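Trainee: With the sequences and hints as input, model every part of the structure.
Once you know that position 8 of the sequence shown is 8 in my numbering, the rest is easy, because the numbers rise by one and skip nothing.
Hints are computed from structural coordinates only; laboratory data are not their basis.
None of these values were measured; they are calculated from a predicted model.
Note that the Cβ used here is the ideal one computed from N, Cα and C, for glycine as well.
Hints may be right or wrong, so weigh each one.
Claimed, not checked - Ranges of calculated distance between the beta carbons of each label pair, as one might list FRET restraints:
| no. | residue 1 | residue 2 | range |
| --- | --- | --- | --- |
| 1 | R17 | A103 | 34 to 40 Å |
| 2 | S50 | M83 | 37 to 43 Å |
| 3 | R55 | D81 | 24 to 30 Å |
| 4 | V61 | P90 | 27 to 33 Å |
| 5 | E47 | A102 | 19 to 25 Å |
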Amino acid sequence: MPISTPAATTTATTTFRVDDFVLYRDPVMFWRGEPGHTVVCRVTNAERYSSGKTRYTLVPVTGGLIRNAMGDYMRLLPPLDAMRDIDTAPLNAADAGDGMTAAAMAWLAQQHTTANRSPELPPH
1 MPISTPAATT TATTTFRVDD FVLYRDPVMF WRGEPGHTVV CRVTNAERYS SGKTRYTLVP
61 VTGGLIRNAM GDYMRLLPPL DAMRDIDTAP LNAADAGDGM TAAAMAWLAQ QHTTANRSPE
121 LPPH
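Mentor: And the structure:
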């Protein structure tokens with residue numbers, strides 16, 4: 001009986017949903033040693049086949065389309081990880097921008113401007 005090593009063990013299969021953000025690794029490009037084999041994508045379709053396998057259609061954030069992606073080569077990118085810098089920012093400190101991305105700072109500035117603006121009356 002062969003002994004299983006940690007390197008030979010795979011992670012449990014995850015079911016992905018439409019609009020999930022995932023990290024996708026193209027196995028063919030990876031094993032060929034080609035650059036650009038791993039990309040961040042949004043799931044746009046999930047199709048379950050009679051074999052029980054699910055294949056996904058992905059849209060890379062840089063553009064394009066990936067069809068028939070296998071879930072074994074995808075990892076979920078949780079929203080909590082993407083929003084952590086906003087959720088944990090020291091907003092009352094002078095150095096609130098340290099450690100935050102430019103996008104997070106722009107979002108916070110927009111929220112601050114919107115929250116502090118007087119409501120406008122509709123035109124007559």
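Trainee: Now, for every hint given, state plainly whether the structure supports it.
Mentor: We went through each hint and held it up to the structure:
Against the hinted window of 34 to 40 Å, the Cβ-Cβ separation of R17 and A103 comes to about 24 Å, which falls outside the hint. Taking 37 to 43 Å as the suggested C-beta distance range, the pair S50 and M83 conforms, at roughly 38 Å. One distance hint, 24 to 30 Å for the beta-carbon pair R55 and D81, holds here, with the actual separation near 25 Å. The hinted window of 27 to 33 Å between V61 and P90 holds, with their beta carbons roughly 29 Å apart.
For the pair E47 and A102, the beta carbons lie near 37 Å from each other, so the given range of 19 to 25 Å is not met.
Going through the hint list in order, the structure does not satisfy hints 1, 5.
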